[in-house]
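Throw the hints in and build the complete structure from the sequences for me.
Protein chains in written order, with the numbering used here: chain A, -10 to 102; chain B, 6 to 123.
It is possible that part of the hints are untrue.
[Claimed, not checked] In silico lysine to any residue, SDA-like type, Cα no more than 20 Å apart, as pairs:
(1) B:Lys115 <-> A:Gly76
(2) B:Lys115 <-> A:Ala29
(3) B:Lys115 <-> A:Leu87
(4) B:Lys115 <-> A:Phe92
(5) B:Lys60 <-> A:Leu87
(6) B:Lys75 <-> A:Thr89
(7) B:Lys115 <-> A:Glu48
(8) B:Lys115 <-> A:Gln34
(9) B:Lys60 <-> A:Glu48
Please keep in mind that the hints were generated in silico from the structure rather than gathered at the bench.
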Amino acid sequence: SQTIHQWPATLVQPVGSPLSLECTVEGTSNPNLYWYRQAAGRGLQLLFYSVGIGQISSEVPQNLSASRPQDRQFILSSKKLLLSDSGFYLCAWSVPGLNTEAFFGQGTRLTVV
Amino acid sequence: AQTVTQSQPEMSVQEAETVTLSCTYDTSESDYYLFWYKQPPSRQMILVIRQEAYKQQNATENRFSVNFQKAAKSFSLKISDSQLGDAAMYFCAYRSAYSGGGADGLTFGKGTHLIIQP
Chain A
-10 SQTIHQWPAT
0 LVQPVGSPLS
10 LECTVEGTSN
20 PNLYWYRQAA
30 GRGLQLLFYS
40 VGIGQISSEV
50 PQNLSASRPQ
60 DRQFILSSKK
70 LLLSDSGFYL
80 CAWSVPGLNT
90 EAFFGQGTRL
100 TVV
Chain B
6 AQTVTQSQPE
16 MSVQEAETVT
26 LSCTYDTSES
36 DYYLFWYKQP
46 PSRQMILVIR
56 QEAYKQQNAT
66 ENRFSVNFQK
76 AAKSFSLKIS
86 DSQLGDAAMY
96 FCAYRSAYSG
106 GGADGLTFGK
116 GTHLIIQP
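Okay, structure coming up:
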């Protein structure tokens, strides 16, 4: 069966520091991968998606970037965090070629102080 | 672009009763998928139920069922025999059937906070 792992679960970082959140998927090949952000009291906003190694599409211009160095690894990064980057970040995957549901990791709560 | 609207920020129901959560969406497409996700206090998003727009029959998963009204662009979730474990945020989500194999993700509503009264 497929599983998705996301870490760390919580993170407190000072303004101006770098960020690296990692997500890996097991039990499937060439998944579609996504990073979402959930601000307090809001729905989920798609930040990035990827259909393959090195292929990243950005949905929202921002202080963040994403990379996919391996087939089942998806990384969310920032060189210098802003206070507005605080939120709950969720990684997800879906079966390639099918417009069906996405399966989510457990999320990372990022607080920028 | 598609939009998803959940007009009920919060709903409350007595344990064992039935509750219906509302969702409307706006799209010009004829084929798409609709989902309800549950987000408990642990914050992990859990798929509750899925509906394919080309299917007229409403989806059902145990105590969870939907009322899909394509012409009205409405997709409500009914929870029967509510249990304390049903307490969570519930999100309605949309995905186009034409978006290149699911590459561009889901569009979510802002969620409904469901409270279960014991």
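Pair hint outcome, Lys115 (chain B) versus Glu48 (chain A) [Cα-Cα no greater than 20 Å] = 18 Å, holds
Has the given pair, Lys115 (chain B) with Gly76 (chain A), been kept, meaning a C-alpha gap of at most 20 Å?
-> Holds, at about 15 Å.
Measure nothing beyond the straight line between the CA atoms of Lys115 (chain B) and Phe92 (chain A); if it is 20 Å or shorter, mark the hint as holding.
-> Cα-Cα ~18 Å, so holds.
Proposed proximity, Leu87 (chain A) with Lys115 (chain B) (alpha carbon, max 20 Å) | Violated, at roughly 25 Å.
Do the alpha carbons of Lys115 (chain B) and Ala29 (chain A) lie within 20 Å of each other, as the hint requires?
-> 10 Å, holds
Does the structure keep Lys60 (chain B) and Glu48 (chain A) at a Cα separation of 20 Å or less?
-> 30 Å, violated
Lys75 (chain B) paired with Thr89 (chain A) [C-alpha distance capped at 20 Å] | Holds, because 18 Å separates the two Cα atoms, which is no more than 20 Å.
Is the straight-line distance between the alpha-carbon of Lys115 (chain B) and that of Gln34 (chain A) 20 Å or less?
-> 10 Å, holds
Regarding the pair Lys60 (chain B) and Leu87 (chain A), is the alpha-carbon distance no greater than 20 Å?
-> Roughly 16 Å between the alpha carbons, so the hint for Lys60 (chain B) and Leu87 (chain A) holds.
Figure legend: structure checked against the earlier numbered hints; hints not met, in rising order: 3, 9.
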